[in-house]
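K.L.:
For the protein sequence lines, the chains are A and B, in the order given.
Counting along the first sequence from 1, when you hit position 182 you're at 182 in my numbering, and nothing is skipped either side.
Just add 1000 to the spot in the second sequence (first one is 1) and you have my numbering.
Since the hints were derived computationally from the structure, they do not count as laboratory data.
Just so you know, nobody snuck in bad clues.
Within a straight-line C-alpha distance of at most 20 Å, the following computed SDA-like cross-link-like pairs (lysine to any residue) qualify:
#1 K322(A) <-> V1206(B)
#2 K187(A) <-> D1071(B)
#3 K321(A) <-> A1205(B)
#4 K322(A) <-> T1152(B)
#5 K322(A) <-> E1139(B)
#6 K187(A) <-> A1247(B)
As the structure is a prediction and not an experimental result, all values here were calculated from the model.
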Amino acid sequence: MYAQMVKTAGTGVKSRAEMSAEEARFQDRIDDDQKIEPKDWMPEDYRATLIRQIGQHAHSEIVGQLPEGNWITRAPTLERKAILLAKVQDEAGHGLYLYSAAETLGVSRDELTEMLLDGRMKYSSIFNYPTLNWADIGAVGWLVDGAAIMNQVPLQRTSYGPYSRAMIRICKEESFHQRQGYDIMMKMAQGTDAQKKMAQDALNRFWYPSLMMFGPSDKDSVHSAQSMAWKIKINTNDELRQKFVDQTVPQAEYLGLTVPDEGLCWNAEKGGYDFSQPDWSEFFAVLKGGGPCNRERMNDRIKAWEDGAWVRDGLLAHGRKKQAAKHAAE
Amino acid sequence: MTKDDALFQFLLRMGDNTLILGHRVSEWCGHSPVLEEDIALANTALDMIGQTQLWLGLAGEVEGNGRSADDLAFLRDAWDFRNVLLTELPNGDFGQTLMRQFLFDAFQSVMLNWLQDSSNTRIAEIAEKASKEVSYHLERSGDTVIGLGDGTEESHAKMQAALDYLWPYVGEMFDGDAVDAVLAKEGIAPDPAELRPEFDAIVGAVLAEATLTVPDSPFVHKGGRDGRMHTEHLGHLLTQMQWLQRAYPGATW
Ligand SMILES: [Fe+2]
Ligand SMILES: [Fe+2]
Ligand SMILES: [Fe+2]
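The whole structure should be built from the sequences, with the hints applied where relevant.
P.N.:
Right, dumping it as structure tokens:
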């Protein structure tokens, strides 16, 4: 997911007997589906985990501009260009809401940015894959935004108020993105032979990386259990991945495209598809920096940050001068 | 030159300006100095692409050969483009991009203001819609020019360098020709020279607050709005922008 393999702080779920009075009150509020607000008391581990999770989600929105931005200047029609620009603008906006939500936990956007740029924080593995043909822009909307929605719809109910509210705003826009992506795929799948080939090629390359977005199985993870007890994680990774496959396979069939998985078949008993797992060694390699675009993505972000320093400094200096002039006039 | 020929040329000028500058601005996507600027630049580009659809759509109608806005954008070669040279110049650094935007926004706001009273109602309608967007662009690009011009020593120097580089491209926007003369007579579009005083007032006020100095040089680069001689940059821009349409003719996207 956009927030993927977030390390939960602490040592796992505490029993009631192990909790302090404050911790027990806090857990009661969560169990009662009350929202936790910035000024409320919260366990430090809850705060630390949320900062990692929201920060990683925000970084993903920001880095996620790059693979799509890669096609803005080559979009094939004015309308497609406008739609793609609007989408990428939305993603930057999502980054902004999420950084603001993280700031309510006591960490600044600049601090988070530095942690991204020096490698202490991550972004979703999916954005380390390249966009190579125009259908990739369709596939990203359909599959990547689609997978994001799977995870983010339940997070609208997450226990931390500012995060939950950010998710509600974001989810509305993500479903637009998914529909627009699918619309591109539709045009391509119904198009010329070359366009069909592009569409199939895009699905071939994005299928397994999309499944990886949910992270490896965490049904036995004590960390995930803690995040679920805090309601900052609502479903297990496997549950979400299954839902995603069940939703997506019929959509691929409708497009006349082949999901690149020979093991894929309907399992009537469980009421869902059986499917092959992605190559998890590839996933771990990508997280460690060994994906097709890790270097490029980080170099782009570092360059934007460094080249932009004089702009940020200039605007700050001007702001200070204006303040000073206002004071002098008063 | 017939009135329709002149009108077609004028609409290409309007649509090509927003198309080419919108394209340039969209190149920033994901690479801006701050997140707010990524959002603002994407938004500016988006507005300009939207305006392009209107101007080129109308151009195609006026021409009457069944060409759509997309046909005009993606299937003409450089010599048929009618944008001013300013819009096709490379982005340079953020300061140069914003200075270029400001100079264009100032021109465009004065132009659209005039066009809202055009005797051609289709043009007046587009101008009215676009002018709301452009006043916002102008406010934003003007504020940024002021902030960076009157920021640090470094930002001031970069903005002055941007202004020095771009200023010779300003004159072309006001350089009227036979096309303009035909339309001015009909009250459809202004003689662009008429717009200059208002432009100078807007630009003068912002540059003064930005502590920047207009270079004292009469030299003017021309050749875009009549297509006589574009810069070398336009061909590269079109190569990228038109690639899919050229490589896969007849496909729908
Ligand atoms: Fe997003
Ligand atoms: Fe997204
Ligand atoms: Fe999205």
